[in-house]
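**Student:** So the protein sequences, as listed, match chains A and B.
Mapping of the first sequence onto numbering that gives the first Met the number 0: position 273 corresponds to residue 272, and the numbering continues sequentially without gaps.
Mapping of the second sequence onto numbering that gives the first Met the number 0: position 106 corresponds to residue 105, and the numbering continues sequentially without gaps.
Derived by calculation from the structure, the hints in this document are not laboratory data.
Careful: at least some of the hints might be erroneous.
[Stated by the list, open to error] Residues of chain B placed beyond 12 Å of chain A at every Cβ, according to the derived structure: (1) G12; (2) A50; (3) C137.
[To be verified] Here are the simulated DSS-like cross-link-like pairs (lysine-lysine), alpha carbons at most 25 Å apart as the crow flies: (4) A:K87 - A:K252; (5) A:K41 - B:K3; (6) A:K24 - A:K135; (7) A:K24 - A:K41; (8) A:K24 - B:K3; (9) B:K3 - A:K18; (10) A:K41 - A:K18; (11) B:K84 - B:K56; (12) A:K87 - A:K18.
Don't be surprised by glycine CBs; every beta carbon is placed ideally from N, CA and C.
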Amino acid sequence: MSLPMFEVERPQSLGEALKILSEVKGAEPIAGGTNLMVDMRKGTHRPRVVVDVAALRDLHGIEATGPEVVIGAATTIAEMLESPILMKHAPVLVLACSSFANALIRNRATVGGNLVTAAPCSDTAPALLTLDAEVKLASVRGTRRVPLDRYLVSAFSTVRRSDELLVSVRFPIPSATAAAAFRKMGLRKVSCMAKVDVAVMLDADAAGRCTNARIAIAAASPIAVRARAAEAALVGKPITPEAIAAAAGLTAKAAAPRAGSEYKLSVVQGLARRLLAEAARALERGGTHA
Amino acid sequence: MPNKRKVVLRVNGRQHELALDPNVSLLQALRDLGHTDVKNGCEIGECGACAVLLNGKAVNSCMVLAWQADGAEVVTNAGLGTMDKPHVIQEAFADAGAVQCGYCTPGMVISTKALLDRNPDPSEAEIREALSGNLCRCTGYTQIVEAVRLAAERLRDGQLAVAAVAPPTALLKGERVAESSRSPGGPGVAAVAPPTASLKGERAAESSRSPGGPGVAAVAPPTASLKGERAAGSLRSPSGSAPSGHEKRGDRR
Ligand SMILES: Cc1cc2nc3c(=O)[nH]c(=O)nc-3n(C[C@H](O)[C@H](O)[C@H](O)COP(=O)(O)OP(=O)(O)OC[C@H]3O[C@@H](n4cnc5c(N)ncnc54)[C@H](O)[C@@H]3O)c2cc1C
Ligand code: FES
Ligand code: FES
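Kindly generate the complete structure, drawing on both the sequences and the hints.
**Tutor:** Below, the structure is given as structure tokens:
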């Protein structure tokens, strides 16, 4: 299976890369190549020029700067899995990375490539949605920051324009009292694409009333989405088993599986209930003033 | 026609200066150089038969363009050991009966090396997780898991044996010692994933670093078995479709 012919550009700076993307017809970035190599072999992507962005320094690194965490787009899933910063501030993302593909793929695949591909079963997207992440897009025209839930439009579709590079993903450092959980359901226990992903985050005040809730699902709808109605139903009330059951039901309403995959509605509901209960228990254990 | 690109590859310690078309994969470049121990099983990242160490990290060489590896250090299965001087891992695969047709073996050995460099005493679940990107159509995996356990044990024993006779400074030398002297502290999957999938801000993050966290078990139960007759039955993915093709398996059945 040989690859179609293409030319190569290896820009040394972000500016140079953006110039190539705006001026060269048929130019497409490559980072880890774990999507693009497959797509080129299948013939679904036929770039005339492949632009290497994996080596751009501006696209690397995981930093906690002031109130937010910034992850360079070319950061690999393996690097995120090993990041002390993410373990401290976003363990839900580390869990998502630990369920991502397998060690061989994780050493190449990048978070930027994952979010630009925007597959329905992206594992990073639901975790990042619970973190209120936004993406930074750059082109020769300038940069813009877009909240992740507006960036993701539909299956394999985003608001990114073809001459824009995804530079970084960032999210505000979550409240120290918040508790989160993530689960991926697939055909194998390891190394598979998600059939359903659910990620949740809960926060509560000293009286046990829910002050903040995030619930996101992937692979059960054309693109990863937040279950906003379920989140709203939880906030302001004590996190009781009844409240959790109601929120889980509302989470399933946010799902829109393809015909023949209606079983996913029950999976989403079951997983949401389990994860919300786990997060609620973790909240209790920690207690705001513990 | 696009110009050929100059690519310098260091493979198993030997430097090659090549002029390659831009669309040549690292897999193809290595095989054209005669490194046919690097196998071509699927060319879509699904099987792990083409795995090599690229600057010390295990990757599928079919997913890498050769020029992306310009200047890099590549180690293949044959770079770890030869028939005359096999690596402990290769010996363990032979001794455990983990080699049948042998097609998956070079990739399995590479993934095993990457695992044991970081985790000298992996549990069965950790072994199965670490090798989950490598498919085998012959063995049923039981002997492969046994081989990894055997290799880990022999490498640990080797280190003890050297430690018993050698002064501490000598511990920094010698192949076997180097194998296992790397601290297990490079947080593997096991050390990363917290005890339960529920996490409690900083405290959970702290405890997730404690040794013996049950690891990926929080996400995938400890019995994480490679339950894939379908996956194991063929080196190609059953549908032949790309992994980015959403829900390729179950949904259509
Ligand atoms: C065997 C296998 C298993 C997989 N398992 C999973 C899984 O479990 N979960 C999951 O979510 N995904 C999985 N994937 C899909 C894939 O690995 C991920 O989507 C990965 O994150 C893609 O990143 P990459 O760097 O390899 O992207 P590339 O292939 O390099 O690029 C993908 C696309 O994004 C564009 N792009 C890349 N970086 C940028 C950037 N910074 N700015 C603008 N455009 C950019 C490229 O032009 C290309 O169109 C799997 C793939 C394989 C082959
Ligand atoms: S040949 Fe590379 S993963 Fe199968
Ligand atoms: S021994 Fe034949 S594929 Fe594994």
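**Student:** So, for every hint listed, does it hold in this structure?
**Tutor:** Now for the hints, and whether the structure bears them out:
Taking the minimum C-beta to C-beta distance to chain A, about 21 Å, the non-interface status of G12 (chain B) holds against the 12 Å cut. Residue-level check failed: A50 (chain B) sits 6 Å from the nearest beta carbon of chain A, not beyond 12 Å. The Cβ of C137 (chain B) lies farther than 12 Å from every Cβ of chain A, with a closest approach of about 18 Å, so its non-interface assignment holds. For the suggested pair K87 (chain A) and K252 (chain A), the alpha carbons sit about 32 Å apart, so the restraint of at most 25 Å is broken.
Taken as a hint, the K41 (chain A) and K3 (chain B) pair is honoured in the structure, with Cα atoms around 23 Å apart against an allowance of 25 Å. Of the supplied pair hints, the one linking K24 (chain A) and K135 (chain A) holds, its CA atoms being roughly 23 Å apart against a limit of 25 Å. Among the hinted pairs, K24 (chain A) with K41 (chain A) is consistent with the structure: their alpha-carbon atoms are about 21 Å apart, no more than 25 Å. A C-alpha spacing of about 21 Å is found between K24 (chain A) and K3 (chain B), which places the hinted pair at or below 25 Å, so the restraint holds.
For the hint pairing K3 (chain B) with K18 (chain A), the CA-to-CA distance comes to about 23 Å; that is within 25 Å, so the pair holds. This hinted pair does not check out: K41 (chain A) and K18 (chain A) have alpha carbons roughly 28 Å apart, beyond 25 Å. As the CA atoms of K84 (chain B) and K56 (chain B) are separated by approximately 23 Å, the hinted pair is consistent with the 25 Å bound. Annotation: proposed proximity of K87 (chain A) to K18 (chain A) is violated, straight-line Cα distance about 37 Å (limit 25 Å).
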